[in-house]
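Asks: Sequence:
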Amino acid sequence: MASQEQYDAIAQSYVEELRALTAPRAFMTQTERGERGAARGPVTATELVAQAEHLSTLSGELQTAAEGKLQSEEPAVKAEAATQLLAKALGDLEAGMFLLQAARDEEAGVLGTSAPAATERSRGATAGKLSEHHRILLGQLEVVSTARAQRIERGAEDAPGSAEQVNEAVQLTLFQISERATEAGQKTFEGLLALSLGEIGKAIGMIGANVAEHLGVAGKLMQLYDYFRGFVVKAYEAVLALLGPNLAKKVGEYVSEWWEDWRQNQLFQTLVEKLYETEATREYIAQKVSASQAAPDAFSAAAERVQKLGEEYKVQVRLAEKLLTGFSYVAGAAAGALPAPAGVLIVGAVYISLCGYIVLVGADYVDAQSVAKLGRLPGVRDVIEASL
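Oh and the sequence shown: position 252 is 252 in my numbering, straight run, nothing missing.
Everything labelled a hint here was simulated from the structure, so no lab data went into it.
Please read all numbers here as calculations on a predicted model, not as lab measurements.
It is possible that some hints are incorrect.
[Claimed, not checked] Below are the DSS-like pairs computed for lysine-lysine, each with C-alpha atoms no more than 30 Å apart in a straight line:
#	residue 1	residue 2
1	274	250
2	129	314
3	202	250
4	288	308
5	314	250
Produce the complete structure using the sequences and hints provided.
Replies: Structure, rendered in structure tokens:
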């Protein structure tokens, strides 16, 4: 297992190379390069391939390091690793989309290259500014509770906590997590419908499969199109790693059951409410809080930790939704660069895996009692029991 220092070093190199690869610039032929003697600026397709090869190696190292963190005994480290795997998948997809556009520009003889619209949205930053997923990979995105953030903004001192404060934090956090799981799950199922798969069984069969073989990605990549497909595979692998090998085998069964329920009424909210049972959790916690004789600062700390759970989940869902958008581009505009039907099935497998992860990690955060959980972190119920 890589140490935190090793992870940090790999992540730093990966982000630097990713940003260097996807920086807007122009193509030039080898002859033009020789005539101009330019050391910077426009590059050839050959040079982009060399950059992609280096980034691909770093991506593999970063995957290994992040998966190692996911095996930590510390819940906070595991939660951070999961968020970083989502961010890495987004970075790999960012690289792939850029290389796809570069490959098309090369074929068209276009001198200028720029990232496609989907990639620009995922970057969400100017050349001199780190995007959210870059900062997450570097461990630079601190997640704080809403109450803490407001106090920091006001420069106020910590106020004494109360049972009412805890109950309000619990109610709001449970509601927000359920709402976010509902919205994201709804998007994944609508995305599956848009793929026109008919039935999702074939896409489920792709979960855990060697997708590189299905996409024709050889051991030695040579061209820009090859690296585009290679980075799609890496993004897929990062998503799958969120579930782990054992749960990845089961998630298809879970999502298949949810899919049949959803097709009856098209409401993912009904499904989430049945799985999370948040009303029962609220009632249990209210009784626990009412009976607690803890000091005011314990109530305050519990409320903040509960709110922070909601903020952590929000970041993960936001990244997952960006991945859904990116993979929808792969299934649409990029479909011609992937072999059929494997490309669409792999996108379907990503949707299914993300749906399963979003719902199951949400179950972790709300401490749902009636659904399988990832078991990586103390959720709302656990926080209250440990604090009060």
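Asks: For every hint, state whether the structure bears it out.
Replies: Hints, verified against the model:
Distance hint between residue 274 and residue 250 is fulfilled; the C-alpha atoms sit about 19 Å from each other, no more than 30 Å. For the hint pairing residue 129 with residue 314, the CA-to-CA distance comes to about 22 Å; that is within 30 Å, so the pair holds. With a C-alpha separation of about 15 Å, the suggested pair residue 202 and residue 250 falls inside the 30 Å cut-off, and the hint holds. Distance restraint check for residue 288 and residue 308: the Cα-Cα separation of roughly 20 Å lies within the 30 Å cut-off, and the hinted pair is therefore satisfied.
Distance check on the hinted pair: residue 314 and residue 250 sit about 25 Å apart at the alpha-carbon level, within 30 Å; holds.
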